[in-house]
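Engineer: Two independent chains are provided; combine them into the complex using the hints.
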Amino acid sequence: MNASNPEHERIERLLRRAHLPEPSAQLKDRVTQATRQAWDQASKDVPWRIPLRRLALSAAATVAVVALANHLGKVPGPRAHPHDPVARSVPNAEVEELAETVYSPARRRLTTNGHRSSTVDGATLRERIENIRAVLDDLNNDGTQAQPAPGGGRSRLLHYRVYLGPYS
Amino acid sequence: MDDNAADAPIRAALARDDPAAVELIWDRYAADLLAFLAARLCCRDAAEDVLQALFVTIVRKRQTVARARCLTAYLYRMARHEAATYLRRRRRRDAADAKPWLVPRETGDQPYDLAEQLQVTLGHLPRAQREVVVLKVYREKTFGEIAKLLGVSLNTTASRYRYGMERLRKLLKDSAS
Chain A
90 MNASNPEHER IERLLRRAHL PEPSAQLKDR VTQATRQAWD QASKDVPWRI
140 PLRRLALSAA ATVAVVALAN HLGKVPGPRA HPHDPVARSV PNAEVEELAE
190 TVYSPARRRL TTNGHRSSTV DGATLRERIE NIRAVLDDLN NDGTQAQPAP
240 GGGRSRLLHY RVYLGPYS
Chain B
-15 MDDNAADAPI RAALARDDPA AVELIWDRYA ADLLAFLAAR LCCRDAAEDV
35 LQALFVTIVR KRQTVARARC LTAYLYRMAR HEAATYLRRR RRRDAADAKP
85 WLVPRETGDQ PYDLAEQLQV TLGHLPRAQR EVVVLKVYRE KTFGEIAKLL
135 GVSLNTTASR YRYGMERLRK LLKDSAS
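In the order they appear, the protein sequences are chains A and B.
Be aware that the first sequence starts at 90, since it is given in the numbering used here, and climbs by one per residue.
Be aware that the second sequence starts at -15, since it is given in the numbering used here, and climbs by one per residue.
In case anyone wonders, no lab produced these hints; they're calculated from the structure.
The reader is advised that the hints may include incorrect statements.
[Said to hold, decoys possible] Here are the computed lysine to aspartate or glutamate pairs in the EDC-like style, where the Cα-Cα straight-line distance is at most 16 Å:
(1) Lys83(B) <-> Glu96(A)
(2) Lys45(B) <-> Asp129(A)
(3) Lys154(B) <-> Glu96(A)
(4) Lys154(B) <-> Glu111(A)
(5) Lys157(B) <-> Glu101(A)
(6) Lys83(B) <-> Asp97(B)
(7) Lys83(B) <-> Glu7(B)
(8) Lys132(B) <-> Asp(-13)(B)
(9) Lys132(B) <-> Asp16(B)
[Said to hold, decoys possible] Footprint (simulated), chain A over chain B, 3 or more residues, beta carbon under 8 Å:
(10) -13 to -3
(11) 25 to 37
(12) 40 to 46
(13) 57 to 69
[To be verified] Take a look, some chain B residues computed to stay more than 12 Å from chain A by CB distance:
(14) Ala5
(15) Ala52
(16) Arg53
(17) Cys54
(18) Arg72
(19) Arg73
(20) Arg74
(21) Pro88
(22) Lys120
(23) Gly135
Beta carbons: idealized from backbone N, C-alpha and C, even for Gly.
With the rest of the complex left out, here is chain B (with noise of 0.2 Å):
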């Protein structure tokens, strides 16, 4: 389905001041919007807060939500602006508080360690490369897709994806020895 085509039913929220809006936009977007945020910022809790913080300003914004050109890129826009307001006045917190942002698949099957030592291992990945990982491994998203909503060309969007995968091999590597 055509991105445009998917969110008309969410433009046309907007367009009439409709609160019903928020909940299209939740369905379609919330999931992703929290994967880019957690691999991000690299913790569940920050990503959980950025998304809540996110929303409200879709809210105030919604007249320039519903006129933008692409809504897909313009939401993952403010998502990163959202995650660079949060990074400059986050307060720290303890560590071990922090929600993980990674889960095993199966409780039980897979050693919990597993999650967190790919969660490790991600975290030392440049942001833009973890963003393209996590958006193609967990969400599944194609590299067209990919590059449409980070608002960057295609071979970009390989590239990163093949220097992350690189990177992560080493890193492994360099783990498991």
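Excised from the complex, chain A in its bound form (with noise of 0.2 Å):
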């Protein structure tokens, strides 16, 4: 990759007429007494005190940062403002909502553990129904007297009459 191009010959001869001075011997002898100064600053940093300094000041480092946090973390937060845009947490899982997406990894995950929808089919609904029925037959008929419920209490209706029976 030569410069053949005459013209840049031309120009390279032109610029050849003019030359770049070499370091003259008073910039080497300026040269020379400041790497010495700077060897000899060197040289005091003996190298096995250089990893010394470096554990030292990373365990300050570490100091700083582990007292930071704490002292961060004992700093309250900023009061909440009603009107922020916060989320909210929601207290109860809606398995409900699951149920209707039905791909959904969760409901995957809650039926293969056992665990049952709370939604209401038309058996027992037609069953607590009947519980109702029976309740209600029996208290106009003996308000005052507890009767088992047909179900064979099965009926969480059973248990709430217990505790309604005072109030009635």
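Structural biologist: This is the structure:
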């Protein structure tokens, strides 16, 4: 990749009519003196001290970071404003909502773990209505006497009845 | 001579923490580094200041310099860094006090205006092109050597030189007309 362009050669010849001066002896003396001082200065830093100094600096930095973290941990955070858009926690998982998402992994997991959705099917509903009807009939017939539910005590309404008894 | 072989005495001196390493680096690299810095900064005084700062940095980081994979490229990278630092912190000097970084080859034979004109013309080149032109013309480096010490490809170096010469041709033509 040589400059074979005659125009470039002509410019090169023109440029070579001037030259860059070599470093002067004065400059060399100046640089030598400066480097000697730097060398002496650097030699005072004994090599084995350097890792120790780094270790000490690292330890100090670690202590500072831990102290700062502790300090920040004690400082109470800003009080939440009622209008601030904050994330609200949902107390209970909405399993019914999960039921609508057919391929929900959470639902699949719940199903495999034996959890049942609280979705009421028709048979259960009918059974509960029967229980309520029986309880109401009992109340109409003999309001003070507690009778077991026809369903064999499976309905939760029977337990409610026990608690509701004093108010009736 | 292979660069690694030529740098072996320098590396050995640095490894045994011998101050003679500075002298060896000076003899091998000072002239090229000064030309490179003059081309980069377009100022002889600035180039000398930066060269001094560079050698001080070399001494301070001599252990790292001794371990450099390619000493030539590493030193030029350090020179670029020192030049950038200088440009960030430079104090404006009076242009009249600044020494010319290009001088006529033979005093009296060539008018001093020519060197000044060439200096101004080279100053109009983009820095990357100027570095390649100066190292090629004034330090007689090959494209391969320039590519190695600048850390760019051979094609990039040749392109920079070609574009630089084209631009110089236009600038010289404009100044002549």
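Engineer: Each hint needs a verdict: does it hold in this structure or not?
Structural biologist: Evaluation of the provided hints:
1. Proximity of Lys83(B) to Glu96(A) is assessed by CA-CA distance (about 30 Å); at most 16 Å being required, the pair is judged violated.
2. A hinted pair counts as satisfied when its Cα atoms are at most 16 Å apart, and Lys45(B) with Asp129(A) qualifies at roughly 13 Å.
3. With a C-alpha separation of about 11 Å, the suggested pairing of Lys154(B) with Glu96(A) holds against the 16 Å cut-off.
4. For the hint linking Lys154(B) to Glu111(A), the alpha-carbon distance of about 29 Å lies beyond 16 Å, and the restraint is violated.
5. Annotation: proposed proximity of Lys157(B) to Glu101(A) holds, straight-line Cα distance about 14 Å (limit 16 Å).
6. A hinted pair counts as satisfied when its Cα atoms are at most 16 Å apart, and Lys83(B) with Asp97(B) qualifies at roughly 14 Å.
7. Of the supplied pair hints, the one linking Lys83(B) and Glu7(B) is violated, its CA atoms being roughly 25 Å apart against a limit of 16 Å.
8. Pair hint Lys132(B) plus Asp(-13)(B) holds up; C-alpha atoms about 11 Å apart against a cutoff of 16 Å.
9. Restraint check for Lys132(B) and Asp16(B): satisfied, since their Cα atoms lie roughly 14 Å apart, inside the 16 Å limit.
10. Counting residues of the stretch -13 to -3 of chain B whose CB lies closer than 8 Å to any CB of chain A gives 0, which falls below the minimum of 3, so the coverage claim is violated.
11. Coverage of the stretch 25 to 37 of chain B by chain A holds. Counting CB-CB distances below 8 Å, 4 residues qualify, and the rule asks for three or more.
12. Here the stretch 40 to 46 of chain B counts 5 residues with a CB under 8 Å from a CB of chain A, which clears the bar of 3, and the coverage holds.
13. Given a C-beta distance limit of less than 8 Å, the hint that chain A covers the stretch 57 to 69 of chain B is violated, as 0 residues qualify and 3 are needed.
14. Distance to chain A contradicts Ala5(B) as a non-interface residue, since its nearest Cβ pair spans about 9 Å, not more than 12 Å.
15. Distance check on Ala52(B): its Cβ is at least 17 Å (rounded) from any Cβ of chain A, clearing the 12 Å threshold; non-interface status holds.
16. No beta-carbon of chain A is positioned within 12 Å of the beta-carbon of Arg53(B); the least distance is around 22 Å.
17. Here Cys54(B) stays apart from chain A, with its beta-carbon at least about 21 Å from theirs, past the 12 Å limit.
18. The non-interface label for Arg72(B) is consistent with chain A: the shortest C-beta to C-beta separation is roughly 20 Å, beyond 12 Å.
19. The claim that Arg73(B) is not at the interface with chain A holds, since no C-beta of that chain comes within 12 Å of its own (minimum 17 Å).
20. The non-interface label for Arg74(B) is consistent with chain A: the shortest C-beta to C-beta separation is roughly 18 Å, beyond 12 Å.
21. Residue placement check: Pro88(B) does not keep its beta carbon more than 12 Å from all beta carbons of chain A (closest about 6 Å).
22. Against the 12 Å criterion, Lys120(B) falls within the reach of chain A, whose nearest CB is about 8 Å from its own CB.
23. For Gly135(B), the condition that its CB be more than 12 Å from all CB atoms of chain A holds, with the nearest at approximately 18 Å.
Checked against the numbered hints above, the structure violates hints 1, 4, 7, 10, 13, 14, 21 and 22; every other hint is satisfied.
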